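Taking the hints into account, I'd like the entire structure generated from these sequences.
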Amino acid sequence: MALDPFTTQIIRNFLFSTTEEMIQTTVLTAYSPTFSEGFDFSCALFDRDGRMVIQSRGIGVHLGSLVQAMRAVVAKFPTPEPGDVFITNNPYLATHQSDVMVCRPMFLDGAHLGFAVNIGHWTDIGGMSPGGCAGTSTHVVQDGLIIPLSRLYRGGELVEETRDFILANVRLPEDDWGDLMSQISATAVAENRLRELVGRYGIDDVLAGMAAAIDYSRDRFLARMRDVPDGVYEAEDFIEDDGLTDARYPIRVKVTKNASHFRVDFAGTAAAAPTPINAALSSARAAVYTAIIALVDPLTPVNAGIFDLIELDAPEGSIVNALWPRPVYGCTFEMAKRVPETILKAFGKTLPAQVAAGSHASGNNLAGRSKNPKTGEDVVWYNYYEGGQGATAHAPGNDAVYFWGETSHNQPIEVWEHKYQVLVERYGLRDGSGGAGRHRGGMGTVHEYRLLEDHHLSGLGDRHRIAPWGLAGGEDGAPNRWSLRRNGETRELGDVFGLKSPSKFYNIPLLKGDVLIIETGGGGGYGRSA
Amino acid sequence: MKRVGIDIGGTFTDIVVFDEETGAVTRSKTPSVPSAPEQGFMTALSLAEVALDQVRTLVHGTTIVTNLILERKGAKVALITTKGFRDILEIMRATRPLPYDLAWRKPQPLIPRSLCFEVDERLMASGEVATPIDRAAVEDVVRKVLAEGVEGIAVSLLHSYRNDSHERLVADVIRSLAPDMPLSVSSVVCREIREYERTNTTVANVYAMPRVRRYVAALRDRVGSAGLVNYLSSEGGLQPGQEASDRPVSLCVSGPAGGVLGGAFVGQLTGRKNLITVDMGGTSFDVAVIRDGRFELKNTFEIEWGLPVKTPTIDIKTIGAGGGSIVWVDEGGALQVGPQSAGAEPGPACYGRGGTACTVTDANLVLGLIKEDGLMPLHRDRAEAALRSIADRFGLSVQDAAAGIYRVVNASMASAIRQMTVEKGIDPREFALVPFGGAGGQHAAVLAADVGISEILVPTMASVFSAYGMVSAPIKISRSRTVMAALDDLRWTDLNDIFADLASDIASVESGRSAETRRFEYSLDMKYAKQAHEINVLIEPDWSPSQVVDAFEARHFALYGTRLGHKTAVVTARLTAVAALPPLEPQSGHARPDRKPKPVRTTDMPGVGSSVAVFDRTELWPGMHVDGPCLVEEYDTSFFVPSGATGRVDPYRNLIVRIDGSQGAPHGA
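Going line by line, the protein sequences match chains L and Z.
Residues in the first sequence are numbered from 1 upward in steps of one, following the working numbering.
Residues in the second sequence are numbered from 1 upward in steps of one, following the working numbering.
Honestly, the hints are just simulated from the structure, not real lab data.
Just so it is clear, the structure is predicted and the values come from calculations on it, not from any experiment.
By construction, the Cβ of each residue, glycine as well, lies at the ideal position given by its N, Cα and C atoms.
Please note that a few of the clues may not be correct.
Partial selection, computed: residues in chain Z whose CB lies under 10 Å from chain L [unchecked claim]:
| id | residue |
| --- | --- |
| 1 | Arg72 |
| 2 | Phe394 |
| 3 | Val398 |
Derived SDA-like pairs: lysine to any residue, alpha-carbon spacing no greater than 25 Å straight-line [as the list claims (entries may be wrong)]:
| id | chain 1 | residue 1 | chain 2 | residue 2 |
| --- | --- | --- | --- | --- |
| 4 | L | Lys419 | Z | Lys317 |
| 5 | Z | Lys317 | L | Lys76 |
| 6 | L | Lys76 | L | Thr162 |
| 7 | L | Lys371 | Z | Asp488 |
Structure, rendered in structure tokens:
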């Protein structure tokens, strides 16, 4: 039955408002600053077949990865029951192990309405490195506990074995449980809202409205695709090293665009690395979606209607389709940025006005472990950093933003200092980091942490050797850089510790009184300077 | 004695005069003078023929602060902050509103980078001094700042919510070098953790201060009295001119707060404690909830995206849906309403002032919800022409398109009401809906049915309702301070000391009057110790820790449905002093229960009927009834009573409409 256009619109607006409420519920009840200050989680609603209907603001790589994860849910649990909640962090189904997905099938009076999903980054998921980000792990199990797709609740009852198994394998069981409860609450809120909606319109109209939301996005996206000329677009970029050697890993994209499809072919892309700079196909797919959406229309509500228009071909075993046991921890903050930038770079050769110059394009992810001297408790932290955005034909790049398919927030320094044995001596824009041009690239930032206790530090970043590229004659931005000031002398971390890589390492010992300096890259400039 | 409310909005300046002895209420409207609001203020006073020596208090609501910030027309001011942190305003929280947008640009901070200065000092999160502050060095910085010719200075140092000694020293230096310089100090304006939000609040405060000072002084001079004019704060209290001058940031929601107060006031008069106010004007729709006689407050308000100010504010949800909201069809073929608005100029197509875009008002006119010959003559043919562009896209008649628009905008408004109620654990069915603003009455009945409300209170004075509400405002001064301690570690005597400090701080604010007795409201922002976000819990000063925890857990359960039983922490202590003015009792109208009201005419309402009765509100007297479907018109607004519903005029000439969920909306689709 076809719905009238107004009911369709009303139902879609209601569903979006539901995802916003899921976000609020999570933020306001979560335990970790990663969730509640940083917004490092995402929410979405799916139909009964596991097709995305609507997504919240959030993290593009989370959301796009759910495409594959939800296929797995539907395949494994073909007849879900009211009160079930599923959980997984299988990195080959979604993103990396730190991102835990909670999925609730929604029911009213025994009728299955669809699924509510929350996926978010837990501060600790076990593994060799507290807080994750071990830049030199060489097996996926070193990156953390893997929770196979499991039932966490069965018919409304907590499956205690599942919970206990998870919490026995993480360093911060209480914090992780608090965050998990916030995720579960969010999905419960969504189920209640869907029930209200069905109460108002009836189940047939609501299901038709969900299908119409997907059709709507497809039609709108197809209309906007006319602004991108049909053709073949190619480019190459690199992951600059793997943490063990200086080997570069090329990423090659060939994008074929016609009136109804984008096809992204990764032929010629490097084989997977031994270390966690890889992406599994699930998150590589998400990264591709991010780029195409940014190119075509960032305002179309993202769902299966758009995903269906984008195909990808990634050689099995390559760095964008890594298989067990290759570690993929960096997929959410390195490949999730490198792949989209490479695709935009391809379009930038002939359509520079429709894209942007390169950005800092790395999460600059760092994780640390220390002790609270008063309580003796372990302190585990994890953070990722804002940087410069590339300039466009129309304007300079933004200074200091989280960029590439995300709406993360940085964490207030005052909150940060309350929790983690550091004193931030500097938190500011990194002058000169934005590439010059007719429009300047955005500036990166500088964070200087004076350590109040000894810390052990792990890092997983990139774009420390290869600068963010300028566009249409604009100059490159400054690359990311991590250094240490010890006894008045400042040197790059790699030099201080004799590391193979400036940006990928595990568990290096920093001393009380050291100053850790995190400089994030600037965006490339656009056009020649006058 | 008389009490006067003056509300200066973008288009009109409204004045309401309340005679305390007779209960007589009079009102007037005059066009606003955006370039010189003082003038509009005085014009309104003379129009209302108020003798100033007969006025007990004059309450003023103003959008001056919001406009200064939105239009970036505030003063040239500087920021002094901790060494290493001068870019705090540029970085913001590093977030973006949309994940995939390449073209989006960050908002412009209120202070350019070149006017942000650092002093070498540092406090730790514990409040201990890491780097002491040096007075001579501060003097050097302040001299540099003054050399820039600034008109105001904001001071915001790291962790000053914990220890304000460094900020006090900087303030002292500024006062000694530039005694009259407008000054805003973070530990005074917003003593709360989170450096960006606190700094931006402090900056916004001083950014508006020079203009607000001049404005307050001008009004004081014109009315010839220091204590007469009071300002309505965002938290719905009146504050003396001095407080408004020192804390302009507390005026951000000054105008809309009046409407919520009006709702609380009519609720009090008519014995209703649970009300939802909805204000639908030309560009926006505002929802607020009054529960148990109190409106909900929140502590952060975003003037625009990314520019938060932390100041107690009535919790008002605003969406961009008003009578002037433009209706359009997007690339995916979906009907969208707003957020762009045709505004007052050119206005909806039916205004006949050159606007051609279809608006909500155009749809309402075609549906027969508004009359064509009201406050201004409306052009039905132009409304139909504008609607046709929408109708053609869907292959519908103009009528059906209008009905569709009406449904879509109603659904958005109902969703806003649900966000303020159901989503916060409040059952709207126990509430009465209070609609006002030019377009509120055309939608209220449908909204009520949608969210399950069965009673609508259409207030008298609906068109000047904010000014009306201002008259009833109590005097209210609030102060807060970060505590940041686990409840188990908190010594109750320390908490009492904090409340005593806050009380003495409040006492130092000159109230302008003396007779009132003050009542204090105590509250704590609390959270489970490991959570990051807190919720506000009202407490009594003599409560034990376990009573406080119980109240917190009950609130957490109401809001989020969970009671975790984990350890709790207190983040902020808040104290509000409230002093009510003598109660007001408006004149009752002459009861005419024996007379049946006569319709002034009938009108066609598609989907409802071809000859729907239309009543003139000025002829509806206490005790009278009207039966739906009908329209009740005032000279500048109208109210739709759906079929099956009954309206009754109460002693204050409010129209009380009872409906149930089954009544139909005026749509033919």
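Can you list which hints this structure breaks, lowest number first?
1, 3, 4 and 5
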